[in-house]
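**Student:** Quick note, the sequences are listed as chains U and D, same order. The opening residue of the first sequence carries number 1 in this note's numbering; numbering runs sequentially from there. The opening residue of the second sequence carries number 1001 in this note's numbering; numbering runs sequentially from there.
FYI, nobody ran anything at the bench for these hints, they're computed from the structure. A portion of the hints provided could be inaccurate.
[Claimed, not checked] Only pairs whose alpha carbons sit at most 35 angstroms apart, straight line, appear in this in silico DSBU-like list of lysine-lysine: (1) D:Lys1078 x U:Lys59; (2) U:Lys56 x D:Lys1068; (3) U:Lys57 x U:Lys36; (4) D:Lys1078 x U:Lys57; (5) U:Lys51 x D:Lys1078; (6) U:Lys57 x U:Lys70; (7) U:Lys69 x U:Lys57; (8) D:Lys1024 x U:Lys56; (9) D:Lys1024 x D:Lys1078; (10) U:Lys36 x U:Lys69; (11) U:Lys36 x U:Lys70; (12) U:Lys36 x D:Lys1078; (13) U:Lys59 x U:Lys36; (14) D:Lys1024 x D:Lys1068; (15) U:Lys51 x U:Lys36; (16) U:Lys36 x D:Lys1068; (17) U:Lys69 x U:Lys56.
[To be verified] Just so you have them, the derived chain D footprint on chain U, three or more residues with Cβ under 8 angstroms: (18) 64-74; (19) 92-98.
Glycine included, C-beta positions come from ideal geometry on N, C-alpha and C.
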Amino acid sequence: GQQVMQIPQYQHVQEGEDFTTYCNSSTTLSNIQWYKQRPGGHPVFLIQLVKSGEVKKQKRLTFQFGEAKKNSSLHITATQTTDVGTYFCAVSGSARQLTFGSGTQLTVLP
Amino acid sequence: DAGVIQSPRHEVTEMGQEVTLRCKPISGHDYLFWYRQTMMRGLELLIYFNNNVPIDDSGMPEDRFSAKMPNASFSTLKIQPSEPRDSAVYFCASSLEETQYFGPGTRLLVL
């Protein structure tokens, strides 16, 4: 299946600072999804990107899909304590299965 | 809809015992996925079903693991016999299109 590398593994920020996590693939992706998992919780779907160069925003969250469809990023502006959790990218396989990145665990210090 | 339902939420058992995890997908969803999450290995896909038929079980770690989906509203993941290294959070997820909806998970501890 497709593999995707996600960095960084951990990120600690002060509340109000920005945060970015990156996913990279050696192959062209058909699409990429992003999920958030709160501590002790389960992954929750955030967004799916399909088009080359696509940029989507959800309030303080900005998602980008690279022009070559081999990388993607999630940027959070002015983090809040409610942003704490692990952010995963996920790529689709030949059917509807997903391969998840290793995740970036975000800690927001008040 | 209540979302994906999993039971039990927590399970503590002794090595060698049989463990059965249960999942009720969202009504109308045609795909069901079983995942295992650990600190060391992250979120791993174990097996998935389409219209109750197992499609790919290549992620199942050993023959000790088995999964069934007897109907569209119920699936089980069984570990027999269980071992301490099976301790993990097991998630069930279902989908109708490409978005997957996860259940709350079963936290399994094998002593």
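**Student:** If a hint holds in the structure, say so; if it doesn't, say that too.
**Tutor:** Consistency of the hints with the structure:
1. D:Lys1078 x U:Lys59: violated, 42 angstroms
2. U:Lys56 x D:Lys1068: The given pair, whose Cα atoms are some 38 angstroms apart, is violated under the 35 angstroms limit.
3. U:Lys57 x U:Lys36: Holds, because 15 angstroms separates the two Cα atoms, which is no more than 35 angstroms.
4. D:Lys1078 x U:Lys57: violated, 41 angstroms
5. U:Lys51 x D:Lys1078: With a Cα-Cα distance of about 40 angstroms, the restraint between U:Lys51 and D:Lys1078 is violated, given a limit of 35 angstroms.
6. U:Lys57 x U:Lys70: holds, 20 angstroms
7. U:Lys69 x U:Lys57: holds, 18 angstroms
8. D:Lys1024 x U:Lys56: holds, 32 angstroms
9. D:Lys1024 x D:Lys1078: With Cα atoms ~15 angstroms apart, D:Lys1024 and D:Lys1078 stay inside 35 angstroms; holds.
10. U:Lys36 x U:Lys69: holds, 21 angstroms
11. U:Lys36 x U:Lys70: Satisfied, since the Cα-Cα distance of roughly 21 angstroms is no more than 35 angstroms.
12. U:Lys36 x D:Lys1078: Distance ~27 angstroms between U:Lys36 and D:Lys1078 Cα, so the pair holds.
13. U:Lys59 x U:Lys36: holds, 15 angstroms
14. D:Lys1024 x D:Lys1068: holds, 12 angstroms
15. U:Lys51 x U:Lys36: holds, 21 angstroms
16. U:Lys36 x D:Lys1068: holds, 28 angstroms
17. U:Lys69 x U:Lys56: Status holds; Cα separation ~15 angstroms.
18. 64-74: Per the Cβ count (0), the hint is violated.
19. 92-98: With 5 residues in contact (Cβ-Cβ under 8 angstroms with chain D), the coverage given for the segment 92-98 of chain U holds.
Consistency note: the structure conflicts with the earlier hints numbered 1, 2, 4, 5 and 18.
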